[in-house]
Every structure is written in C-alpha cells, then in structure tokens.
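Trainee: Place chains B and C on chain A using the hints.
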Amino acid sequence: MAKITKFLEKLDSLDRRIIFLIIGLVVLFPLLVPLDLPIETTQLTEDAFNAIDQLPQEAKVLVSFEYGPSTKPELHPMAIGMLRHLFSKGNKVIVMCLWPDGLFMANEALEQVAHREFGLQYGVDYVNLGYRPGNEAIIKGITKSFEANFSIDSKGISITKIPIMHDIQTAKDVDFIFSLSAGYPGAIEWVLYAGDPLKVPVSSGNTSIQVNQLLPYVKSGQMKGIIAGMPGATEYETMVVEKIKNNTGLITEHAKTLLPVFETERNAKKFIGAQSIAHLAIVIFIILGNISFFVKRKNQRKY
Amino acid sequence: MYIGILGAWIAVFLTLSILSYLYEDNVFYKLAEHIFVGVSAAHWATIAFWNQLQPNLFGRLWPQAEIATLEGFQKFWYGIYHVLHVIFGKIFPEAKVDGVIYRGIGDQPQNLSYLIALLLGVFMLFRLIPKIGWLSRWSLAYVVGMAAGLRLYGYMSSDVVGQIHATMLPLWTGDLASSINNIILIVGVLSGLFYFFFSVEHKGALKVVSKIGIYYLMIYFGASFGFAVMGRISLLIGRFNDLILYSGKQYGFATPILLVIMIVVLVLTTRKKKPEEEI
Amino acid sequence: MFWKRTVPAIIVAAVGVIMLLSWFIPHAPFGELEIHATQWYDIIASFAMLLGALNLLKLQGTKVVKRQKGWPFSLAAILAFFMTLLFGFMIKGGYYPNLVDLGHNEEAVFVKIAELTDTDGKVTEVDIDEVRILYTSPSAEGEPILLHKAVVSKKAANKVIDELNALGAKVELGELKWGAHVQGNQTYYRWVFYTFFTPLSATMFALLAFFVASASYRAFKIRNAEATVLLVSGILIMLGRVPLGAFLTAWTQDIPWLSWFHLPTIQEWLYQYPNAAGARAIMIGIGLGIVGTSLRVILGIEKSFM
Numbered sequence: 001m002a003k004i005t006k007f008l009e010k011l012d013s014l015d016r017r018i019i020f021l022i023i024g025l026v027v028l029f030p031l032l033v034p035l036d037l038p039i040e041t042t043q044l045t046e047d048a049f050n051a052i053d054q055l056p057q058e059a060k061v062l063v064s065f066e067y068g069p070s071t072k073p074e075l076h077p078m079a080i081g082m083l084r085h086l087f088s089k090g091n092k093v094i095v096m097c098l099w100p101d102g103l104f105m106a107n108e109a110l111e112q113v114a115h116r117e118f119g120l121q122y123g124v125d126y127v128n129l130g131y132r133p134g135n136e137a138i139i140k141g142i143t144k145s146f147e148a149n150f151s152i153d154s155k156g157i158s159i160t161k162i163p164i165m166h167d168i169q170t171a172k173d174v175d176f177i178f179s180l181s182a183g184y185p186g187a188i189e190w191v192l193y194a195g196d197p198l199k200v201p202v203s204s205g206n207t208s209i210q211v212n213q214l215l216p217y218v219k220s221g222q223m224k225g226i227i228a229g230m231p232g233a234t235e236y237e238t239m240v241v242e243k244i245k246n247n248t249g250l251i252t253e254h255a256k257t258l259l260p261v262f263e264t265e266r267n268a269k270k271f272i273g274a275q276s277i278a279h280l281a282i283v284i285f286i287i288l289g290n291i292s293f294f295v296k297r298k299n300q301r302k303y
Numbered sequence: 001m002y003i004g005i006l007g008a009w010i011a012v013f014l015t016l017s018i019l020s021y022l023y024e025d026n027v028f029y030k031l032a033e034h035i036f037v038g039v040s041a042a043h044w045a046t047i048a049f050w051n052q053l054q055p056n057l058f059g060r061l062w063p064q065a066e067i068a069t070l071e072g073f074q075k076f077w078y079g080i081y082h083v084l085h086v087i088f089g090k091i092f093p094e095a096k097v098d099g100v101i102y103r104g105i106g107d108q109p110q111n112l113s114y115l116i117a118l119l120l121g122v123f124m125l126f127r128l129i130p131k132i133g134w135l136s137r138w139s140l141a142y143v144v145g146m147a148a149g150l151r152l153y154g155y156m157s158s159d160v161v162g163q164i165h166a167t168m169l170p171l172w173t174g175d176l177a178s179s180i181n182n183i184i185l186i187v188g189v190l191s192g193l194f195y196f197f198f199s200v201e202h203k204g205a206l207k208v209v210s211k212i213g214i215y216y217l218m219i220y221f222g223a224s225f226g227f228a229v230m231g232r233i234s235l236l237i238g239r240f241n242d243l244i245l246y247s248g249k250q251y252g253f254a255t256p257i258l259l260v261i262m263i264v265v266l267v268l269t270t271r272k273k274k275p276e277e278e279i
Numbered sequence: 001m002f003w004k005r006t007v008p009a010i011i012v013a014a015v016g017v018i019m020l021l022s023w024f025i026p027h028a029p030f031g032e033l034e035i036h037a038t039q040w041y042d043i044i045a046s047f048a049m050l051l052g053a054l055n056l057l058k059l060q061g062t063k064v065v066k067r068q069k070g071w072p073f074s075l076a077a078i079l080a081f082f083m084t085l086l087f088g089f090m091i092k093g094g095y096y097p098n099l100v101d102l103g104h105n106e107e108a109v110f111v112k113i114a115e116l117t118d119t120d121g122k123v124t125e126v127d128i129d130e131v132r133i134l135y136t137s138p139s140a141e142g143e144p145i146l147l148h149k150a151v152v153s154k155k156a157a158n159k160v161i162d163e164l165n166a167l168g169a170k171v172e173l174g175e176l177k178w179g180a181h182v183q184g185n186q187t188y189y190r191w192v193f194y195t196f197f198t199p200l201s202a203t204m205f206a207l208l209a210f211f212v213a214s215a216s217y218r219a220f221k222i223r224n225a226e227a228t229v230l231l232v233s234g235i236l237i238m239l240g241r242v243p244l245g246a247f248l249t250a251w252t253q254d255i256p257w258l259s260w261f262h263l264p265t266i267q268e269w270l271y272q273y274p275n276a277a278g279a280r281a282i283m284i285g286i287g288l289g290i291v292g293t294s295l296r297v298i299l300g301i302e303k304s305f306m
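Sequence order for the protein chains is A, B and C. Take the first sequence: its letters are residues 1 to 303, numbered as in our numbering. Take the second sequence: its letters are residues 1 to 279, numbered as in our numbering. Take the third sequence: its letters are residues 1 to 306, numbered as in our numbering.
These are calculated hints, taken from the structure and not from any lab test. There could be a bad hint or two in this list.
Stated by the list, open to error - Calculated lysine-lysine pairs in the DSBU-like style (CA-CA distance at most 35 Å, straight line):
#, chain 1, residue 1, chain 2, residue 2
1, C, Lys-149, A, Lys-161
2, C, Lys-155, B, Lys-249
3, A, Lys-161, B, Lys-90
4, A, Lys-6, B, Lys-272
5, A, Lys-256, C, Lys-112
6, B, Lys-30, B, Lys-249
7, C, Lys-221, A, Lys-3
8, B, Lys-249, C, Lys-122
9, B, Lys-96, C, Lys-177
10, A, Lys-298, B, Lys-211
Next comes chain A alone, as it looks inside the complex:
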C-alpha cells in the first residue's frame, strides 16, 4: 500500500516526454490497425445535412473554403462529404476562399470530387472563384456585387464568361451558403454580413475549437445546423452513404454508381478510431493526475 502511495505521489512529477510518447503511440496504433466503431449521428449534423438535402435540384450553393493544411484533417473530409452530397443531388456549386490556403484545399477537393468522381464541367456545374484578401469586407462586397470582388476566377477567366455565374450578381442570388471554417474570417462573418442581413440560409463545417462559439447561432436559427470537427465529418460521411444506399430524396443516376467509392474512401471514419482512443487516454491522464494530486495533498496534510 505504501509502495502504491509513493508511486502515485511520484506520478505528479512525471517527465512530460513520457506523456508525449504515450499520446504519440496512442494516436499511431489505431491508424495502423483501424478500429471499426459504430457511428451515431447527432442533432446538429443532421440539421446541417437536412438543410442541404432539402434544396431543390436547381439550387446554387456558395461554398467558402476557410481552412488550410493545419486544419485539413478535420475539415477536408467534411468538404469532400459535402461536395459529394451536393453533386449527387445535381446542385451547382460556387466556390470561393477567404483564406489563401483555402484556395489549395478547394482545388484538391474539387479535383477529387467534381472532376475525378463526378466528371463535371468546370464553369457550368461548378466554379472556383479563388481567394481574395480582405476578410469580412469581401463578404460585405459580394452582398453588393460578385463581379466587383471576383473579376476573374482562380484560372484567370473573366467572371462574365462563366456560365454558372450568369444569373448570380450578388450573394442574395445564391440559395445556400456553406462555410468550411477554421477561424477568422469564417462562419461567424458569413452569418453577420451575409446570412442575417440577406436572409440567405447559412450552415458550416468547423474545427472542434470553433464549434462552441457558433452554438448560439445554431440555437437561434441563424445557422442551419453545424458539422462539428472530425466526429461531425464522420457523421456526415455516414449520412451521405446511407442516403444513397437507401435511395432517399434527390439522387442522380451517376451518384448511385459512386456508392462503392463513397463507402471505401472515407478519411474521417478512418481517423475517428484514433481520435476516440486518444480522448480516452487524456481522460485517464486527468484521472491519474487528480488521484496523484489528492494522495500528495493528503500526505502533506498528515505532516
């Protein structure tokens, strides 16, 4: 008993490099040996999914990429899942970026989904308007004029020559705004400067850190659901697969043929096992740390 007490006291001054090593191993092993855990969907992700699912086929959706390589593991699977959802319904997608790195992320996502998976036509089915610096000023700007802010797209083509933009003059002309947001500028700015003033529905996929800040907007109806971090991305991927499997709602014929691809190429599902084990490890660390703290405090009080 005395040995255990002494050990628990020593734990309090554990070299932090041991903690780093344990965390590293705990994250690495589930990536090498994937866990297959059941996915339960949450209300917030379902709300975001349903808001997009209810859009008619001719709807045009503005998707804004506001993340970079540092937050790619959380947001890129969401981007892929959401683009698959939109294109499988036959919706048109207008992409823009408020982060410079978002441009690269957008191209990657569109290359994979729009070009390789769906074989869609650039300029007709989707367009990437590119990045503009200016943060919320860009959002405010497009509420008055897309052309003034995005005179050319990311390929250098004049916006006036892009078919999908012919009947879109301002942000009010889009049917839905979706923000893939890792910080500032991001979902908050879309709600403040476009969603609320123009009454255009807004939803977003966010890093876990930002999710709690956005919850009041979701609760008040200013945002239609939210895809929260990697667990949210996993849920969304699952819902897209289930939708096509169960043949519910609007689905194009080509999307039905892509079901095997959607089922196998799911990054979020691959990662969520590692996320789960890492969370458990941290909870165990917190419990151990507190046990050690209490034992130490008790012994100090004795003397």
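Mentor: Structure of chains B and C alone, referenced to chain A:
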C-alpha cells in the same frame, strides 16, 4: 497532391524536425521554424499579389485595350504600362492576337480612383522607413474605420439583438422536458450576463445569481476545453497519417530512415552536452 | 500634428460613417461607394501582407548582416523566402500536353497516356479503360493530360508531346497563366506549398496535441466546486462526442430507465442547454464590447491604433 520522392523526403524531414521539439529545443527544430517563417511570409505576399493586386488593382488601372485605339491621355497612360511590361513582363502582360497588340489586364471598366488605393497601399509600406512611417497611419485609419463601421452594425444585429431575441422562450411549452430546458437556457443566459455586471456589488441574492452564472460559464469552458482537445488531436492524426504514407517503398522509406537518423543525432547531441555540463 | 493625428482621425470617422450608413441606405451614392470602399480595403490588406514580407526581410537580414546570435537560421529563413518568391514570380512550371486529336492510332495513344499518368507503377487494363473513357473525343479546346509528376517543366511537356505526336496524335503545348500558377497543377509554387508550407504549418499546430495532453495531466486538478464542474463537463464532451462513448455505454440503451445515461445523450443535452446558455451569455457580452469599441473608434475617442 503528388510531390515526388524528393518532396516526400523534405516534407518528412520538416515534420520530424518540428516534432523533435517534444524531446528538447534543438538545431533541427530551429532550422524548420525559420524555414517556416520565410516560406509563410513569401507565400502570403505572393498569393495576395496574384489574387488581388494584379487583377483588381492593376486590372482596374489598366484594363485590356487595343493600343491602336488609344489616344491622348490613354495613350500616355498605357505608355506607362508598356514600361512596366518591359521591366515586369509576367505581371504586366501584353498580347498579340491576329497582329493586333493588346495591353492591360482583364476586362473590368477602368477606374482611376483606384490610384488612391494604390497610394494608401504604398503608404502602408512606408512603415518600414522611420522618417516617413507616419504616413502608414492614413492607411491604418482607413482599415480601422472600415472594420469599425462594418462590425458595429453586424455584431449589434446578429450577436446582441439576434441572441436576445432567441432567448425570449416560453417558460411553459406544454411539455415538461422542453419547458425545463427553456428555463435552464433563460436562467443560464441571465445569470451568466449578470456575472459580468460589475457596476453593482455581488452580495446577498445577487451573489447567488452570480454564483449560478459562474457554474454555467464553467460548463461552457469545460465543453470548450473538450472541443479544444478534440481539435488538437485531429491535427496530430493528420500528420501521423502523412508520415505513414511517406514510409512506403514508393517514397524510398523516407519516414523510418529519417526518424532513425534524427533520433541518433539527438541522442548523441544530448550525450555530448551532458559531459560538458558536468564539467 | 494635423497630418499625423487629425487627418487619420478624419479618415476613420468618414470611412466608419460611410460603412455604417451603407447598411441602411443601399441607394446611390452609398451602394456604389460601398463596393469600391471594400475593394480599397482589400487592396490595402494585400499591401499589409507585402509589408509583413518586407518586415521579415528587414529583421532577419539585420541579424545576418550583424552576425547576431542564431544568424545561420536567419539566413535559412531568407533563403526559404526567396525560394518561394522565385517560384511565385520567376519560374512557373505548370506546362501540360493538351490532347487535341487522337489520330488514327488511338489504342497506342491510350496505352501511352496510361503509362504517363499511372500513379502506382503498374499499368493494367483497368487503367487503360479509364484513360479511354476520359480522353475519347477530346473537346475543341483540347484535353489536358495530367502527368504523374510533381512539377511539369516546358522541357518535360515537350518531350511527352513529341512522343504522342510520333504515335499520330495531335498534341499541343498548354500552360497555366501567370496568376493561376500559384494554385494550378504541377507548378513549382504548388510543389513548394505542399512540400514546405503544408508539413510545417500542420505540424506546428499538431504539436499542441501533445501540450494539451501534458497540460491536462498537470494542471487539471479538482481544487474546488467550479473546477469540478469544468472537469466533468470537459470529460463528458470528450467521451460523448466520439463513437467510443456510444460504444462504452451502448448497454444502457437496453434498459429504459438507464437510457438517459447513454454518454452521447448526456453530452448532447449538456451541450445544447447549459453550455449553450453560457455560450450565449459570452456572445452577448462580447458583442456589446465590440459595438462599444467600434463607436469609440469612429468617434475618435480610441486612438491606440495610431
């Protein structure tokens, strides 16, 4: 994005160099950190230039025009463009189509008032020169005024009025569970707001309200902490996934080889340091 | 003093008032003014990024020139800076063979394209079929062929063009325009972004995972009731939001009176109600603070930015 074998080795080296900080601050980490600083600064400047300055500033000062049709002031103005083309051909392109020479960028209508924007932008750069650095205050004033004007209405409308409106919930909805939830929400918002109200001393009944507010805020901070952990772990998963990808044969076993080399070097450096410290 | 303090104050007030009024008055001149005002803001913001780059050069350059402590690392920063600028403004890559016509020997062309675009070192019938579907009847503008290379230089593209033209196809040289090259395929700039910037940026943030674990262990102690509430809330969210939480408490779903103790259920309630109340209180508080500060700035009371 395929980056080739050389790219994979560089990416793995840089990733492991940053991760080596977990052992101790070392030369690999410092090198990677400085490379990051250099690449980031140039990256942001390059992207801002090609995505905004070239098409939207220079494109409005010099939209594409057929030089044969230019007269008077426009001829002089596009003459300046030609000089810029000679010096910086890639930024100020000229095109020849069926024997017709075009000068300019894009097809936006010309707007020479953007010379003021150019001037304010250049004033911003004067911050680097102490004697005339005060001119950057004009540019900053523009930016600050713009942000203030945008945010005042935006935050008042969405964050204050919008949220207060959403808190006006019925105390009794006909269903016990949702009624309790509504009461929890309303009490939480009011007590949480009251906690930050310092014009009145928090004593007696007010102290109880403030205390309730603290507990609500603690729940919020605890949830935020949980989400923060979630976010950070996700980032680590992404890096490990890339390291696993680059450990394969097609990338020349970059990860295991570089990992072993780095561990050996760090251990040897630590050993070398210890005897020196003992002396 | 007039030029250094009064003129900036006038600019702040004027721009702030115009932006504020433009929320309420969409008609001329405010509508038009707002469009151009936001564009000017974007342009000045771009110059701010150039300023950041030049400032970096100034700081790191000073260290190198004066041989201050750590100057070799500063030299590395400067070299990395100029390497990125070189690929951003001087050397582009981004050339591609543009297939205009297949010619008479279609199958041989498909096989060759499959070899050039193959990603796993083995060309199979499936790969050739995919190429056949993708490149049958190229459009009038041509179909760009995405080679399996990190960067495609003019020389590399011309080599491929000669090989395909020799098989009877008509292939022309295509290239990405300057401007589009910063994010286009197979340019040197994009290679720098994915080789240098991406791993560095992502790993810097990933380091935080380790520190958050270490901080949780060392600092997260139950010293009082408030800390306990914070801790319990954090743990419920961490376990309840991942599938593991659902897996560990799946058994509670079979017992009606225990079903509320299903971790995702508790987590969802905590998140949507008590947590949302706290979040809303903080949001209203911050919103009021921002409104107050913005007013102070426009009225010239707040001058700290000068």
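Trainee: None of the hints should be skipped; say for each whether it holds.
Mentor: Here's how the hints hold up against the structure:
no., hint, result
1, C:Lys-149 - A:Lys-161, "holds (31 Å)"
2, C:Lys-155 - B:Lys-249, "holds (28 Å)"
3, A:Lys-161 - B:Lys-90, "holds (23 Å)"
4, A:Lys-6 - B:Lys-272, "holds (34 Å)"
5, A:Lys-256 - C:Lys-112, "holds (31 Å)"
6, B:Lys-30 - B:Lys-249, "holds (29 Å)"
7, C:Lys-221 - A:Lys-3, "holds (23 Å)"
8, B:Lys-249 - C:Lys-122, "holds (14 Å)"
9, B:Lys-96 - C:Lys-177, "holds (15 Å)"
10, A:Lys-298 - B:Lys-211, "holds (28 Å)"
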